[in-house]
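Using the working numbering, read the sequence shown as starting at 2 and increasing by one per residue.
Don't read these hints as lab results, they were simulated from the structure.
In this text, all values refer to a predicted model and were calculated from it rather than measured experimentally.
Don't take every hint at face value.
Label-pair ranges, simulated between beta-carbon atoms [what the hints assert, rightly or not]:
hint: 1; residue 1: Asp82; residue 2: Val26; range: 26 to 32 angstroms
hint: 2; residue 1: Gly128; residue 2: Ala93; range: 54 to 60 angstroms
hint: 3; residue 1: Ala27; residue 2: Phe107; range: 16 to 22 angstroms
Positions of the beta carbon are idealized from the N, C-alpha and C atoms, including for glycine.
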Amino acid sequence: MQSLAEDCDNDCLLAKLPPSALKLVAEFFKVLSEASRLQIVCALRNGPKNVTQIIEMTGLGQANVSKHLKMLAQAGIVSRDQQGVCVFYTIANPFVFELCELVCNFLSIQIQQQAEQIKVLDAFRQGEE
2 MQSLAEDCDN DCLLAKLPPS ALKLVAEFFK VLSEASRLQI VCALRNGPKN
52 VTQIIEMTGL GQANVSKHLK MLAQAGIVSR DQQGVCVFYT IANPFVFELC
102 ELVCNFLSIQ IQQQAEQIKV LDAFRQGEE
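Starting from the given sequences, assemble the full structure and let the hints guide the process.
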């Protein structure tokens with residue numbers, strides 16, 4: 002039986018990672034798995050914002066925003082920039098937007114396929130009546 006790395010083509014880095022590295026990948030995705038954190042990431046898309054601006058853009062509470070910003074910063078997704086008494090947050094690496102676009106495109110295709118399947122089932126059901 003082949004290992005996952007042997008069965009994967011040369012471009013499949015994920016299959017070549019040891020379990021400890023896969024755990025890091027999973028932790029990164031876990032940080033992005035919360036809708037409020039995705040709202041914050043979207044709020045930062047067009048440049049640095051302070052906590053007040055993020056609250057206004059997302060409608061989230063101050064404690065919630067601060068908690069999520071801390072997690073996003075620890076994961077290296079956002080960075081902090083102290084300017085006097087104010088802290089501004091920015092996206093540390095814009096690749097996070099590419100990742101989100103890939104996921105959104107995948108989900109869009111999946112939803113379209115499901116809608117088509119529902120139409121077929123509805124047509125079949127109406128034909129039985």
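Please list, smallest to largest, the hint numbers that this structure does not respect.
none
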